[in-house]
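Chemist: Below are the chains, spelled out letter by letter.
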Amino acid sequence: MLRLNVNGRSYELGDDVDPKTPLLWVLRDSLGLVGTKYGCGVGQCSACMVHLNGFPVQSCQVPVESVTEQRITTIEGLADPDGELTAVQQAWIEEDVPQCGYCQAGQIMSATALLARNPNPTDAEIDAAMAANLCRCGTYNRIRKAIHNAAARLAKAEGRS
Amino acid sequence: MRRDERFTPDPYLPEFLQKMHSAAAAAAARPLTRRAFMKLTGVAGGGLVIAFAMGPAAREALAQGRSNGVFIANPYVQVRPDGTIVLFAKNPEVGQGVKTALPMIVAEELDASWDDVQVQQAEINLALYGQQFAGGSTSVPLNWDTLRRAGAVARAMLVAAAARKWGVPESELVTEASTVRHEASGRRATYGDLAEAAAELPLPDPESVPLKDRSQYRLLGKRITGVDNRKIVTGQPLFGIDQIVPGMLYATYTKAPAIGARAVAANLDHVKSLRGVKDAFILEQQGDPIAFKPDAAALSSGVAILADSTWNAFQAKRALQVTWDESEASKDSWTAAVAEAKALAEKGEATLLGETGDVDTALRRAAHTVEALYTYQYVSHADLEPQNCTAWFKGDSVEIWAPTQTPQAAVDAVAALTGLPKEKVTLHQLRGGGGFGRRLANDSVCEAVAISRRAGGVPVKVQWMREDDMAFDYYRPGGFHSLKAAVDASGKLTGWQNHFITFTHDGQTPVSAGNLSPQEFPANVVPNSRIRQSLIPSRIPTGPWRAPGSNAIAFVVQSFLHECAVAAGRDHVEFLLDIMGEPRPVVPDNPRVLHTGRAANVIRLAAEKAGWGRKLPEGRGLGLAFHFSHLGHFAEVAEVSVDASKRVTVHKVWVAGDIGPIVNLSGAENQVQGSVIDGFSTAMGLEITFENGRVQQSNFDKYPILRIDKAPEVEVHFVESEYPPTGVGEPALPPAAPAIANAIYAATGHRIRTLPFTKEGFRI
Chain A
1 MLRLNVNGRS YELGDDVDPK TPLLWVLRDS LGLVGTKYGC GVGQCSACMV HLNGFPVQSC
61 QVPVESVTEQ RITTIEGLAD PDGELTAVQQ AWIEEDVPQC GYCQAGQIMS ATALLARNPN
121 PTDAEIDAAM AANLCRCGTY NRIRKAIHNA AARLAKAEGR S
Chain B
162 MRRDERFTPD PYLPEFLQKM HSAAAAAAAR PLTRRAFMKL TGVAGGGLVI AFAMGPAARE
222 ALAQGRSNGV FIANPYVQVR PDGTIVLFAK NPEVGQGVKT ALPMIVAEEL DASWDDVQVQ
282 QAEINLALYG QQFAGGSTSV PLNWDTLRRA GAVARAMLVA AAARKWGVPE SELVTEASTV
342 RHEASGRRAT YGDLAEAAAE LPLPDPESVP LKDRSQYRLL GKRITGVDNR KIVTGQPLFG
402 IDQIVPGMLY ATYTKAPAIG ARAVAANLDH VKSLRGVKDA FILEQQGDPI AFKPDAAALS
462 SGVAILADST WNAFQAKRAL QVTWDESEAS KDSWTAAVAE AKALAEKGEA TLLGETGDVD
522 TALRRAAHTV EALYTYQYVS HADLEPQNCT AWFKGDSVEI WAPTQTPQAA VDAVAALTGL
582 PKEKVTLHQL RGGGGFGRRL ANDSVCEAVA ISRRAGGVPV KVQWMREDDM AFDYYRPGGF
642 HSLKAAVDAS GKLTGWQNHF ITFTHDGQTP VSAGNLSPQE FPANVVPNSR IRQSLIPSRI
702 PTGPWRAPGS NAIAFVVQSF LHECAVAAGR DHVEFLLDIM GEPRPVVPDN PRVLHTGRAA
762 NVIRLAAEKA GWGRKLPEGR GLGLAFHFSH LGHFAEVAEV SVDASKRVTV HKVWVAGDIG
822 PIVNLSGAEN QVQGSVIDGF STAMGLEITF ENGRVQQSNF DKYPILRIDK APEVEVHFVE
882 SEYPPTGVGE PALPPAAPAI ANAIYAATGH RIRTLPFTKE GFRI
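First to last, the sequence lines map onto chains A and B. Per my numbering, residue 1 is the first one in the first sequence, and the count goes up by one each step. Per my numbering, residue 162 is the first one in the second sequence, and the count goes up by one each step.
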């Protein structure tokens with residue numbers, strides 16, 4: 001039996017789950033966490049981005065058996081349980097980034113990981129960190145803007161500016 | 162901004178959509194009398210005054226004689242006693258922003274505070290909402306008037322309720338931020354306070370309710386964040402793919418690699434023995450799935466696999482082996498089509514589509530003649546959410562959950578497919594993860610229903626793999642334009658000749674979205690023109706792709722006009738303005754056609770914002786293009802540099818657009834930025850090719866959609882003219898490719914005549 005730790009909660013997977021199943025499909029079909037999206041299945045689009053021990057990974061490329069007992073965070077696990085959104089989520093709403101919105105969970109997971117290691121990225125650093133995430137609608141101008149917005153929010157919250 | 166009763170169907174939309182547009186335009190133009198309201202809802206005069214019922218819950222409440230104090234003004238507006246204002250968004254949301262923009266129009270006339278508004282996706286109901294679809298950038302223009310009146314009627318009833326309560330004349334009352342105020346006495350009441358009383362009042366004539374003047378707008382034109390954004394950023398279920406029905410199975414449907422081939426046999430016993438697989442079977446072809454007909458019963462032949470999870474269905478699909486009968490399958494080859502088109506262009510024989518003046522004389526007398534063959538590629542929609550649909554066939558009825566752009570057509574198609582009456586087909590509209598025209602087609606809906614039925618009535622979610630989505634699309638058709646133009650000694654464009662080479666399924670007419678209007682610019686403004694056409698037989702499915710027709714034609718026309726300007730030795734801006742001539746609509750008194758004055762305005766504005774004419778270093782250039790489509794006038798200037806290895810960098814694109822008054826500034830700007838990036842992405846490196854009837858691209862590694870590190874900054878300016886407001890999902894896309902191609906010419910002297918740019922050795 002496989003055990004998963006997702007968004008601080010422990011899950012036990014039934015024996016019907018193939019241990020080779022990509023984490024993406026376990027999240028969506030077994031755990032009902034459908035915020036993580038399927039776009040390509042081959043690690044090209046990053047709509048399926050989640051955090052594994054704080055690092056961004058494409059969940060369509062990770063067999064679930066390889067991530068048991070590790071810390072998995074999905075888009076559903078970013079905000080406080082009381083509903084308070086993270087700086088990145090707030091910035092995404094304020095800048096009205098989404099068009100269709102399908103890639104945005106993955107974008108937000110990548111952006112969150114970027115700001116955790118680089119609290120004040122330049123446009124070039126944003127481009128380098130976000131190049132794995134496709135947006136078919138072309139919201140890239142606003143993604144850059146929202147990351148700067150989130151960086152400013154985080155700096156303010158920490159009294160850095 | 163008066164209601165416009167004339168309607169000119171877009172020549173590049175399929176007949177199916179033109180019919181829907183015409184019906185919607187006719188309905189919008191019909192006076193919305195009180196009698197019509199009552200007739201529609203079957204409510205007799207007097208007594209219960211709520212004119213419209215909304216959704217099963219509201220209808221149930223009404224059946225009980227009361228609706229718990231909720232003021233149900235019409236299908237678009239409900240006011241709850243707690244002050245919540247529920248506005249219903251009638252059309253499908255696929256990223257174009259209508260779920261936010263359409264309710265904003267209602268809220269403006271209602272004088273609702275946007276903070277009090279809760280938007281709900283409306284049920285699919287022709288009687289209540291008329292035509293419901295997302296296509297052709299028409300949601301705003303076709304619904305503008307109705308939605309304004311829906312808000313104004315509700316406001317008038319709330320004002321009347323306050324007047325009655327306070328015993329004051331309605332004329333002394335003002336509304337603002339979901340509140341009615343009586344200035345003289347200082348009394349005020351929220352809409353929630355007045356809801357119960359308003360529900361008891363007679364419905365005013367929607368035709369005579371006062372509408373706001375544009376100067377009184379408080380909400381329209383502002384930046385409003387998308388109504389689903391909180392759900393999107395927290396990963397809540399929204400999209401078609403997120404639908405879960407208790408007890409449902411997950412299905413894949415495998416169609417032939419060669420388009421149109423039929424499944425004869427498959428290793429079904431082996432597949433059924435695989436982990437989690439519950440069933441597998443072959444389905445026969447029904448109707449004509451190659452034709453783009455969203456409301457027709459059509460199903461490709463294929464093999465369905467039903468499993469207990471998406472992954473198990475995908476794994477079983479990988480193990481599936483099918484024997485295909487290819488006797489009637491496509492044998493199409495893109496390489497062969499290109500060769501045939503070149504031969505046809507050289508031979509020059511073609512059918513006449515339209516002619517004005519005397520183009521032969523213009524060419525004979527020309528100081529400069531310019532000649533070129535332009536080619537563009539097939540492209541895929543590549544919605545990031547692969548096609549999917551959940552369906553539950555229940556014997557005498559069907560329930561469907563779908564992210565479709567044409568829900569009413571989907572109901573028609575399913576009724577035809579199953580033989581059930583339309584009333585027995587219920588479709589729940591879900592958000593689409595991208596549309597771009599792909600979800601106008603309902604092939605995945607027909608598949609889900611057919612599989613659920615064959616499987617004995619279990620609920621089924623059909624999930625296409627990315628590879629399915631790319632291999633079976635209604636593609637933007639490729640095409641070829643053999644052009645010849647005359648420029649006289651004064652540098653004026655005097656003649657325009659186009660031999661258009663396109664594809665045909667029936668041997669008679671162009672494929673869907675593969676036609677050319679004989680009135681296409683500049684044939685509609687140049688004194689001498691001749692437009693001819695040749696057809697190449699094909700079996701590749703095609704259909705509308707964002708700004709159909711225009712998305713390819715603008716590249717051809719605007720690039721070639723730049724060639725003409727260069728040949729004439731004239732500045733491109735000045736040359737284009739000269740072609741536009743006197744400010745006028747090209748069809749007299751019609752506000753829905755190209756207006757040369759509006760065109761000139763946006764061309765000047767884009768040029769001014771971009772600093773047209775400024776000195777640039779070697780290897781760097783500015784390029785301009787203009788295009789009118791979907792009632793929108795757009796000019797764009799791109800700044801591009803190209804290095805010695807032909808690596809292209811698009812630094813910035815300036816856009817000037819005239820779509821009349823802006824509804825949601827944030828949404829409109831987002832659409833324009835996305836359109837430019839989509840236009841660049843597609844022109845730069847995307848291409849669907851096929852050989853022996855098989856599409857050769859299957860995933861994003863071979864279909865490299867532009868990424869953020871190559872995306873230019875896009876600066877957007879709106880003219881906000883007094884013309885009726887129009888949609889903006891599409892018209893900003895067509896000028897992007899030619900503006901960038903013209904900038905590449907300015908930077909390098911290399912004229913791009915073939916899409917994608919990678920075909921001419923450029924890369925990013």
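If you're looking for bench data, these hints aren't it; they were derived computationally from the structure. Mixed in with the good hints, there may be bad ones.
Capping the alpha-carbon separation at 30 Å, the derived lysine-lysine pairs in DSBU-like fashion look like this [as the list claims (entries may be wrong)]:
1) B:K645 <-> B:K807
2) A:K145 <-> B:K585
3) B:K653 <-> B:K439
4) B:K813 <-> A:K145
5) B:K863 <-> B:K770
6) B:K871 <-> B:K920
7) B:K920 <-> A:K145
8) B:K439 <-> A:K156
9) B:K863 <-> B:K920
10) A:K20 <-> B:K863
11) A:K145 <-> B:K653
12) A:K145 <-> B:K392
Between beta-carbon pairs, the in silico distance windows are [stated by the list, open to error]:
13) B:D366 <-> A:T122: 58 to 64 Å
14) A:N53 <-> B:T169: 31 to 37 Å
15) A:T122 <-> B:D804: 21 to 27 Å
16) B:S806 <-> A:G8: 29 to 35 Å
17) B:R924 <-> A:A124: 54 to 60 Å
18) B:D486 <-> A:D123: 50 to 56 Å
19) B:S806 <-> A:N53: 54 to 60 Å
These stretches of chain B come out as covered by chain A in the derived footprint (C-beta under 8 Å, 3 or more residues) [said to hold, decoys possible]:
20) 465-474
21) 542-550
Ideal Cβ placement from N, Cα and C applies to all residues, glycine included.
Chemist: If a hint holds in the structure, say so; if it doesn't, say that too.
Modeler: How the hints compare with the structure:
1. Proximity of K645 of chain B to K807 of chain B is assessed by CA-CA distance (about 28 Å); at most 30 Å being required, the pair is judged to hold.
2. Simply put, K145 of chain A and K585 of chain B have alpha-carbon atoms about 48 Å apart, too far for the 30 Å limit, and the pair is violated.
3. A distance of roughly 70 Å separates the Cα atoms of K653 of chain B and K439 of chain B; the hinted pair therefore is violated under the 30 Å criterion.
4. The straight-line distance between the Cα atoms of K813 of chain B and K145 of chain A is roughly 15 Å, inside the 30 Å bound, and the hint therefore holds.
5. With a C-alpha separation of about 36 Å, the suggested pair K863 of chain B and K770 of chain B falls outside the 30 Å cut-off, and the hint is violated.
6. Note on K871 of chain B and K920 of chain B: the hinted pairing holds, with a Cα-Cα distance of about 18 Å set against a maximum of 30 Å.
7. Taken as a hint, the K920 of chain B and K145 of chain A pair is broken in the structure, with Cα atoms around 33 Å apart against an allowance of 30 Å.
8. Only pairs whose Cα atoms come within 30 Å are accepted, and K439 of chain B paired with K156 of chain A is rejected, the gap being roughly 55 Å.
9. Restraint check: the Cα-Cα separation between K863 of chain B and K920 of chain B comes to about 14 Å, which is no more than 30 Å; the hinted pair holds.
10. Proximity of K20 of chain A to K863 of chain B is assessed by CA-CA distance (about 26 Å); at most 30 Å being required, the pair is judged to hold.
11. Pair hint K145 of chain A plus K653 of chain B does not hold up; C-alpha atoms about 44 Å apart against a cutoff of 30 Å.
12. Restraint check: the Cα-Cα separation between K145 of chain A and K392 of chain B comes to about 20 Å, which is no more than 30 Å; the hinted pair holds.
13. Take D366 of chain B and T122 of chain A: their Cβ atoms lie about 60 Å apart, and the range 58 to 64 Å holds.
14. Between N53 of chain A and T169 of chain B the Cβ separation comes to about 59 Å, which falls outside the hinted range of 31 to 37 Å.
15. At roughly 22 Å, the beta-carbon separation of T122 of chain A and D804 of chain B lies within the given 21 to 27 Å, and the hint holds.
16. The beta-carbon spacing between S806 of chain B and G8 of chain A, approximately 50 Å, falls outside the hinted interval of 29 to 35 Å.
17. The beta-carbon spacing between R924 of chain B and A124 of chain A, approximately 20 Å, falls outside the hinted interval of 54 to 60 Å.
18. Evaluation of the 50 to 56 Å hint for D486 of chain B and D123 of chain A yields a pass: the beta carbon distance comes to about 55 Å.
19. Separation of S806 of chain B from N53 of chain A is about 40 Å and departs from the stated range, judged on CB atoms against 54 to 60 Å.
20. Given as covered by chain A, the region 465-474 of chain B passes the check, having 5 residues with a CB less than 8 Å from a CB of that chain where 3 are the minimum.
21. Remark: the region 542-550 of chain B is confirmed as covered by chain A, as 5 of its residues place a Cβ nearer than 8 Å to a Cβ of that chain, reaching the required three.
Comparing the model with each earlier hint shows violations of hints 2, 3, 5, 7, 8, 11, 14, 16, 17, 19; every other hint is respected.
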